[in-house]
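So the protein lines, in turn, are chains P and E. So the first sequence is numbered by UniProt numbering: it starts at 1 and just counts up by one. So the second sequence is numbered by UniProt numbering: it starts at 1 and just counts up by one.
Worth flagging that the hints you see were computed from the coordinates, not collected in a lab. You may find that some hints are simply not true.
In this list, chains with the same sequence are indistinguishable; a pair is considered to hold if it fits within one copy or across any two.
Claimed, not checked - Here are the simulated DSS-like cross-link-like pairs (lysine-lysine), alpha carbons at most 27 Å apart as the crow flies:
#, residue 1, residue 2
1, Lys115, Lys31
2, Lys244, Lys115
3, Lys265, Lys115
4, Lys31, Lys54
Being a predicted model, the structure only gives us computed values, none of them experimental.
Number of protein chains: 2
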Amino acid sequence: MMDSILSPTPLDRLAAELGSDMEAVSTLIRKRMVSRHAPRIPEVTAHLVEAGGKRLRPMLTLAAARICGYEGPWHVHLAATVEFIHTATLLHDDVVDESAQRRGRPTANLLWDNKSSVLVGDYLFARSFQLMVEPGNLRVLGILSNAAATIAEGEVLQLSAARDLATGEDTYLQIVRGKTAALFSAATESGAVIAGAPEDHARALFEYGDALGIAFQIADDLLDYQGNSSATGKNIGDDFRDRKLTLPLIKAIAAASPEERSFWKRVIETSRQEEGDIDTALALMERHGALAATREDALRWAERARDALRTLPDHPVRHILHDLADYVVARLL
Amino acid sequence: MMDSILSPTPLDRLAAELGSDMEAVSTLIRKRMVSRHAPRIPEVTAHLVEAGGKRLRPMLTLAAARICGYEGPWHVHLAATVEFIHTATLLHDDVVDESAQRRGRPTANLLWDNKSSVLVGDYLFARSFQLMVEPGNLRVLGILSNAAATIAEGEVLQLSAARDLATGEDTYLQIVRGKTAALFSAATESGAVIAGAPEDHARALFEYGDALGIAFQIADDLLDYQGNSSATGKNIGDDFRDRKLTLPLIKAIAAASPEERSFWKRVIETSRQEEGDIDTALALMERHGALAATREDALRWAERARDALRTLPDHPVRHILHDLADYVVARLL
Chain P
1 MMDSILSPTP LDRLAAELGS DMEAVSTLIR KRMVSRHAPR IPEVTAHLVE AGGKRLRPML
61 TLAAARICGY EGPWHVHLAA TVEFIHTATL LHDDVVDESA QRRGRPTANL LWDNKSSVLV
121 GDYLFARSFQ LMVEPGNLRV LGILSNAAAT IAEGEVLQLS AARDLATGED TYLQIVRGKT
181 AALFSAATES GAVIAGAPED HARALFEYGD ALGIAFQIAD DLLDYQGNSS ATGKNIGDDF
241 RDRKLTLPLI KAIAAASPEE RSFWKRVIET SRQEEGDIDT ALALMERHGA LAATREDALR
301 WAERARDALR TLPDHPVRHI LHDLADYVVA RLL
Chain E
1 MMDSILSPTP LDRLAAELGS DMEAVSTLIR KRMVSRHAPR IPEVTAHLVE AGGKRLRPML
61 TLAAARICGY EGPWHVHLAA TVEFIHTATL LHDDVVDESA QRRGRPTANL LWDNKSSVLV
121 GDYLFARSFQ LMVEPGNLRV LGILSNAAAT IAEGEVLQLS AARDLATGED TYLQIVRGKT
181 AALFSAATES GAVIAGAPED HARALFEYGD ALGIAFQIAD DLLDYQGNSS ATGKNIGDDF
241 RDRKLTLPLI KAIAAASPEE RSFWKRVIET SRQEEGDIDT ALALMERHGA LAATREDALR
301 WAERARDALR TLPDHPVRHI LHDLADYVVA RLL
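In isolation and in its complexed conformation, chain P is listed as follows (with noise of 0.2 Å):
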């Protein structure tokens, strides 16, 4: 809150430079995510649009396009199909996870029910298929399909590996791959594309867009153990009690005596939480060094995004794109 009186943040600066193109965007999601036939649908999807989000998302599409100098109107409906994509993984994961609460308000699935929220996001992808064939490009198409694909494995995956002491970063990176960074990279791969840029920009701009993905993930990831629950919206340990293994946890498990590994395997395979245990596995992170570990992992990728900018153009959205990758792991520092 402070930080948008003093200054403005980057994702102030890029909603300001992308003013009038999110105005579009806001507009046909808007108008795609209404069902002639079915009222509940606009009911449950404008719960979820108008919760704000930051639309960090196809804000991503609009300024890569933007970098490569697009011109044209097709930029949009790609924006929107991003949106629409990550708003039915987030009514399908509420469902999955069992959530009450996302952005602060009930979920979806507590006010209808897992019903509404499945069938509703099916509609969403379905329509964000539709908004992708529109712009007629066939490249754009195969980045945006197989985004779709790599989502659903991630989620798939991360459902096996739930609870699973063996998962390590490697199986870790890939979920965080499939559940963040596959949009985000999709998201700015296919507004360079439909620019028609040259290919080093192209994938320069995917680097930039994984990069920051997984960056944004970890941070989540380790906030969830170190932030305060009136930034996040979430209370402090809400993955420790899922018994979710993200990166905090798997540092500290490969780093665990014996004595510990039966502490963790209590906790996290067997479900029989105390309490207490949420300060004891603290402890245990703090012991092996697994917060800072993770910190620094997700500067290290805060790293890599910005220096996937290099080759691009000179332009100020770049400017804001390298701010925005220190941004999205600021808050840890």
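Given chain P's structure and the hints, the job is docking chain E onto it.
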């Protein structure tokens, strides 16, 4: 069963005629349903794929392409796309319906969990979009992505119309178009379009698929009240116990006396069903001729399907499709 000993059914004949193409479809489906990273995916999909549906929908795509003289390779991708969309919707349907059986076997949501069904369904949707992009035909992409949206819309509509006595035949038809006919007509139309068929042939094959799908679904809904469970894999009155407003019920309710209406209100709106209610329901349907009228509707849609074929080139496969339209309602005679 007797049927297939005495004379081949239209389905058997289609399968024989399209044998090598269907082999290619099966191979492609097996290849694309795996996931390098998430072994849970093939477990769940193999369970469904090997349960061995009749593969009616992919055969419709192949049949349409064949009638239109197609000699390229891409109808196989489109047929696999259609089957993936179908399988994904089955997975999500079983979650929404809380089903325990599908094709006489336990459902995936029962064998694994709802979470796996939701996420693996998403994966198959995404895979279907990857597959449909590959032929590089934008018109086919429009047809199939529109169908996916219509399917999802129909499912949501079905959910909000559930247990609502005010549901009329118009809404029922919209639901049926969504949950069944949209994929049938997309299957046939996309087969025609990939073959570069003239507009009126593509239109005729769309109409055929639409009418066939509606006839098929009405027959299915009728059999729920008059079939036998060994033939359908369902128990008599399952829809009644689920309080689903299908055509026989809608017709009986439209003709109900005030006294009958309060019976319907109790059993459909309030869930207070008692032993013997199904017999009362059947007697009321019989009294108002609801079952006979439903049968008439199914036969009329089958006739429309046959009629749609008239303008198509004379072809052995066209004759099989003609007989197939009779076959999907023959179970009712």
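Checked hints:
no., hint, verdict
1, Lys115 / Lys31, "within (24 Å within a copy, 30 Å between copies)"
2, Lys244 / Lys115, "both (24 Å within a copy, 15 Å between copies)"
3, Lys265 / Lys115, "between (34 Å within a copy, 23 Å between copies)"
4, Lys31 / Lys54, "within (19 Å within a copy, 39 Å between copies)"
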